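S.K.: Work out the full structure: start from the sequences and follow the hints.
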Amino acid sequence: MFTGIVQHIGKISSVKSASDGKTFVVSVVSSEFDGFKTVKTGDSIAINGLCTTVVSRNLNEFSVNLMNESLKHSTLNDFRTGDVVNLELAMSAADRFGGHIVTGHIDTVGCVQNIRNDGFSKVFTISADDKYVVQKGSITLNGVSLTVSNVQKGLIDVSLIPHTLQNTTFQWLKQGDKINVEFDILAKYIEKFTLLNHNEAQNIPENKPKIDENFLIENGF
Numbered sequence: 001m002f003t004g005i006v007q008h009i010g011k012i013s014s015v016k017s018a019s020d021g022k023t024f025v026v027s028v029v030s031s032e033f034d035g036f037k038t039v040k041t042g043d044s045i046a047i048n049g050l051c052t053t054v055v056s057r058n059l060n061e062f063s064v065n066l067m068n069e070s071l072k073h074s075t076l077n078d079f080r081t082g083d084v085v086n087l088e089l090a091m092s093a094a095d096r097f098g099g100h101i102v103t104g105h106i107d108t109v110g111c112v113q114n115i116r117n118d119g120f121s122k123v124f125t126i127s128a129d130d131k132y133v134v135q136k137g138s139i140t141l142n143g144v145s146l147t148v149s150n151v152q153k154g155l156i157d158v159s160l161i162p163h164t165l166q167n168t169t170f171q172w173l174k175q176g177d178k179i180n181v182e183f184d185i186l187a188k189y190i191e192k193f194t195l196l197n198h199n200e201a202q203n204i205p206e207n208k209p210k211i212d213e214n215f216l217i218e219n220g221f
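Just so you know, we're using my numbering here: the sequence shown kicks off at 1 and counts up by one.
Mixed in with the good hints, there may be bad ones.
[What the hints assert, rightly or not] The calculated DSS-like cross-link candidates involving lysine-lysine, where the alpha carbons are at most 27 Å apart (straight line), are: (1) Lys-122 x Lys-153; (2) Lys-131 x Lys-174; (3) Lys-188 x Lys-131.
[Said to hold, decoys possible] Restraint ranges, calculated between C-beta atoms of paired labels, are given here: (4) Thr-23 x Asn-167: 23 to 29 Å; (5) Asn-150 x Lys-16: 39 to 45 Å; (6) Lys-131 x Thr-23: 32 to 38 Å; (7) Glu-32 x Arg-96: 16 to 22 Å; (8) Lys-11 x Leu-155: 28 to 34 Å; (9) Val-123 x Lys-178: 23 to 29 Å.
Worth flagging that the hints you see were computed from the coordinates, not collected in a lab. Please read all numbers here as calculations on a predicted model, not as lab measurements. Where a beta carbon is used, it is the ideal one built from N, C-alpha and C, also for glycine.
M.R.: Shown next as structure tokens:
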């Protein structure tokens, strides 16, 4: 699990394509990437919000394999050598919960529609399905935990302070760029439980006894 707090900006140093997917090698500055020195094969690292598994690593690089399913549903299929990416190590039980619950499973790919200044911050407008999005709720964009400042008809606004801009790849995003989107997992669970309860209520037989005052009295309560 992740929290959407980017720890380092890495750079893709090579991409190798095959019929069953792609292998990415990502270069980092290990002295500036807190916790990277402890990373071992099999550990999870979120790359632009996508949960990946480390298959090899050395002092300043690590490699991951991405299957076609992951490539199809994220922006990483379009990434090339030299592109920069947001990186976050999977959290440990002792870590601070700085953002919100991020699974690393991309729900959809959005598109940057507009970028505008608002005081010292910048507002990014993203076009994406807004089914699970609420104003002042959480959303993960390219692996960054952000608060929704406005949502209306498939357009989602998020405001980024200078610190977030300087420490993520948002500083290089431009209008028309694609972006990985992960919705708040809590919203999806609520929908699931609500639908289950609704469906169960619809299937209750008419002759099934209701739990009311008479029922309780008849059964000795």
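S.K.: For every hint, state whether the structure bears it out.
M.R.: A quick look at each hint next to the structure:
| no. | hint | in the structure |
| --- | --- | --- |
| 1 | Lys-122 x Lys-153 | 21 Å, holds |
| 2 | Lys-131 x Lys-174 | 25 Å, holds |
| 3 | Lys-188 x Lys-131 | 9 Å, holds |
| 4 | Thr-23 x Asn-167: 23 to 29 Å | 27 Å, holds |
| 5 | Asn-150 x Lys-16: 39 to 45 Å | 41 Å, holds |
| 6 | Lys-131 x Thr-23: 32 to 38 Å | 34 Å, holds |
| 7 | Glu-32 x Arg-96: 16 to 22 Å | 19 Å, holds |
| 8 | Lys-11 x Leu-155: 28 to 34 Å | 31 Å, holds |
| 9 | Val-123 x Lys-178: 23 to 29 Å | 19 Å, violated |
Hint check: a violation occurs at hint 9 only; the rest are consistent with the structure.
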